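With the hints as your guide, set chain B onto chain A.
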Amino acid sequence: MNDGMMSLELGRLLPELFLAGAAVFGLLLGSFTPRRHQWVVAVLAAVTCLAGLVATAVGWSAGNTAVFAGSYAVDAATNATRVIVLASVLIVLAMAQIRGHARETEFVVLLLLAALGTVLLAGANDVLLLAAAYLLASIPLYPLVGFAKDAPGTEAGLKFYLLGALLGTTMLFGVMLVSGTGGATDYAMLRHALPDAPVAALAVGVIAVLGGLLFKAGAVPAQFWVPDVTQGAQPAVGGIVTTIPKIGAAVALYRLVAIPLDHTELGWPLLIAVIAAATMTLGNLAAFFQNDVRRLLAYSTISQIGYVLMAVAVAGQAALALPSLLLYLAAYAVTNLGAFAVVCALPHARTLDDYTGLRRHRPWLAASLIVCLLGLVGTPPTGVFAGKLTVFTAAFDAGLGWLVVLAAINTVASVFYYLRWITPALRTGQAPEAPDRPATVTAYVAAPASVAVGLLAGPALSLMSAGLLTP
Amino acid sequence: VLSIVVFLPVAVAAALLAVPRVSDRVVRWTWIAASAVEVALVTVVWLGYEGPGYGLEVNRRWIPSVSSGYHIGVDGVSLPLIALTAVLFLACAIYSLRQTERVRSFAALFLFLETVCLGVFVSLDLILFFVFFDLSIVGMYFVIAGWGHRDAARAALRFFLYTFLGSLALLLGFIGLYLAAEPHTFDMVELTEQNPLAGGGTAATLVLLAVFVGLAIKTPTVPFHTWLPPAHTEAPAAGSAILAGVLLKLGTYGFVRIAMPMLPATWRDWAWVIVVVGVVSVLYGALVALAQQNFKRMIAYTSVNHMGYVVLAVGAAGLVSTSDEQAQVLASTGAVTQMVSHGLITAALFLLAGVLHDRGGTYDLGAYGGMAASTPRFAALTAVAAFASLGLPGFSGFIAEFQIFTGSLPGAPVATALAFLGILVTAALFLRAYQKLFLGPPATTGVTDLTAAETISIAPLMALALVLGLFPRFLLDLVEPAARVLGTLVSR
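In the order they appear, the protein sequences are chains A and B. Read in this note's numbering, the first sequence has 325 at position 307, and its numbers run on one by one without any break. Read in this note's numbering, the second sequence has 258 at position 259, and its numbers run on one by one without any break.
Source of the hints: derived by calculation from the structure; they are not laboratory data. One or more hints might be untrue.
What the hints assert, rightly or not - Each pair of labels, with its calculated beta carbon distance range:
no., chain 1, residue 1, chain 2, residue 2, range
1, B, V25, A, G118, 42 to 50 Å
2, B, V25, A, V292, 54 to 62 Å
3, A, P365, B, A202, 19 to 27 Å
4, B, A427, A, F307, 43 to 51 Å
5, B, L286, A, V459, 54 to 62 Å
6, B, W28, A, T172, 57 to 65 Å
7, A, S483, B, W271, 43 to 51 Å
8, B, V21, A, P365, 29 to 37 Å
9, A, T172, B, V57, 54 to 62 Å
10, A, V292, B, P412, 25 to 33 Å
11, A, R53, B, W28, 56 to 64 Å
12, A, V459, B, V57, 52 to 60 Å
Claimed, not checked - One-sided and incomplete, this derived list gives chain B residues near chain A with beta-carbon spacing under 7 Å:
no., residue
13, T99
14, L167
15, L171
Keep in mind it's a predicted model, so treat the numbers as computed, not measured. Ideal Cβ positions, reconstructed from N, Cα and C, are used throughout, including at glycine.
Chain A on its own, in the form it takes in the complex (with noise of 0.2 Å):
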């Protein structure tokens, strides 16, 4: 490879190289700076963001290419993930509350790692990058779930830690299977060779490394992480770990389904849609009667990647799959870290009875949480709305009927506890807490941002209609 296509494809990497760089060069400058001028990490951090949102947005229309031999993709699917990626990161910048904190620098540098890794694992198109971005999504959410160093964070980020390592490790032994039955490690040979390979030995290899994805996704059977995460930590973290890295694993499982596995002849669509339904269903039933608001989020947040991997399930088999997955990854994000930002506002509510009260005090606080609460739900016309109706049209073209069904009644299911967080806001009652006011500024971007990402569903969708990198 001679420089001048090394460098034309480092061009394509523009929005990695600024989270990587921002994230070494965030780490030397917050080590030299003062501490109460830290914030300017948190700075370089956002310049990074909208920097790399720009280079997506200028790459955009030059087409999908594989880049480094193959084995990474640029394509429809990497461009939207580094968009909600990035755009979620500015999110949550603007909502923690690490400002004049000790360890803002690390903080910052953690994210924009945890963030370069999704990136990574949503472009990966070899099952070793996949590897490797794995463990980059993963390692540096630990020390950011304990990041309070209280007892329920450090449980939570142990119990956190425990899961992944071994998921991760089974993960690793899944990778070794299928390139050792697959003779390559990157995709498109794979999905020359698979079909080809033994069935035993690949069935187990993709079972574990799906196990590993789920882990990241947060998705049956790796979701019991998730709630004792999202309560553990600070409200902010609980609103990365339940949106970024969920981002890039659905993107990986899909591209996983979409071409090496397409034409294995073992009922891969049907496992992730049973996995579907079953994350679904487990998380709407969790969230029933909880009454710790971070804990209901978290299991709303499982049922939602529920409705997710109902569009990865009929990956290739609809033309809506994967646009459809695209704009209900982009409005679960912002929609779900609307409500986290909420929560973040308001730090020392912890059930949903200290939101008694909340519209006759902070009417606008209030009304965001209504708007991202029932954008949850996915009604009209919010972004999850417009995720839903395309995963749902998507999954029925593709014959899965039942799903959609199992789908619709869930979506009704889920109503009944979002609405118990919300008959408490309505009433009358104490005032809650002086809400923090950067958070409350966050949600009142992110409210009105969720229901726009349905309005423009419409050029949304036109813009993912490029698609996956095939071979």
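Frame of chain A, contents of chain B only:
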């Protein structure tokens, strides 16, 4: 122009919320002014409409990937309902002059509801229809939960869950229609032309089932009506009036706008089931209403009864579609007329129930008696509304029910005869309730008569019902051509 009609109320609502520190008085009068402008605009639209076919059509791209657009327009079926919506919201705005609790949010919420209700009636795209349909549920939830009586939170939750279930069933049906169409589209006009599931089969039946269940929950028909009585009992008077007057019509409007023209063959196949559902709703609603001691609950059940006539009519229109064109047009016209008539009369009854609650603090019929002497205007208006509701000649209800029965008789004679009994029962229950409230020895003292605002909000509704009953031509001239078009669509 139509977009302005639809979005003006919500724009006013946004302005009301955005301007800091406006007095309640200003809010009230802005609300009334906005609603009055709406009525004027709708009148202009009505006068400017030249049927048949769609008027004031707008079609813009929205989500081209799924061929869904911002496609709106009016025709002879939707215009009467749009006019009804505008009139009822004006009546509620005037009635709410005495509202003191959180006036600004209340006004904003009602203006928002007006936009979404109008939006449903003008939508010519299934997704757009669904967006407005679902938002109407959200809006009404907040009305009930925020301004309802004691058990409001529970009733509101039940209302939300139940109708949301319906709307998702509807969405599944819509997706089914979309996928059946070739090329895939959510556009109602195109779907009607394509008639995608003409071949019948399981798919067509399932799609019709989903759409029917979705709309039946909203209408509501037996056995999907159980959300209605608690929602009405707990809702504030103006909320009840809108719920019964406009929101229930969204369901029956869906039958004539979506289910019948887009699934004609399947509709004909299953028309007998729909007739049965209609008749059961008529009889069950009437009988249960007869057993009520709670005035508002009683009116709620008469809504089930009256909407049952509409369902009977649309079912019968499917039965006779290929044999008797005249009967079919009559039944369809009757269905639309009944929607308008029921909207006017029931909204008036619910506002009157609100007055009753305001005076006595309860809806219990047993707590009142002999009020006619002290409240002549209240007694007179209630009498007019009760007689109009039971279908006395001279009122719109008579015209509507006469058309429905005449149109349904050839196709479903037994069902129509049974449904006829419903009228007798409603007559009995209204007379009984009226006697308890206003005649006999006075059981309550110090009850004041209707205030000016109450009279001005309720009396015009009854006047309109009377005008429709005496001079129905201006409405029928609009509805009949549309019903004829519908007839040819269903007969395909």
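Against the structure, the hints come out as follows:
1. The hinted range of 42 to 50 Å is satisfied by V25/B and G118/A, whose Cβ atoms lie roughly 44 Å apart.
2. For V25/B paired with V292/A, a C-beta distance near 58 Å keeps the hint of 54 to 62 Å intact.
3. Between P365/A and A202/B the C-beta distance comes to about 52 Å, which lies outside the given range of 19 to 27 Å.
4. A hinted range of 43 to 51 Å holds for the C-beta pair A427/B and F307/A, which are about 46 Å apart.
5. Remark: the range hint 54 to 62 Å for L286/B to V459/A is upheld by a beta-carbon distance near 57 Å.
6. A C-beta distance of roughly 60 Å is found between W28/B and T172/A, which places it inside the suggested range of 57 to 65 Å.
7. At about 46 Å, the beta-carbon gap between S483/A and W271/B stays in the expected band of 43 to 51 Å.
8. At roughly 33 Å, the beta carbons of V21/B and P365/A sit within the given window of 29 to 37 Å.
9. At about 59 Å, the beta-carbon gap between T172/A and V57/B stays in the expected band of 54 to 62 Å.
10. Separation of V292/A from P412/B is about 51 Å and departs from the stated range, judged on CB atoms against 25 to 33 Å.
11. Restraint check, R53/A to W28/B: a C-beta distance of roughly 57 Å satisfies the suggested window 56 to 64 Å.
12. Evaluation of the 52 to 60 Å hint for V459/A and V57/B yields a failure: the beta carbon distance comes to about 36 Å.
13. Using the Cβ-Cβ criterion of 7 Å, the hint placing T99/B at the interface with chain A is not satisfied: the shortest such distance is roughly 15 Å.
14. Proximity of L167/B to chain A holds as hinted, the smallest CB-CB distance being about 4 Å (cut-off 7 Å).
15. Hint status for L171/B relative to chain A: holds, with the closest Cβ pair at about 6 Å, below 7 Å.
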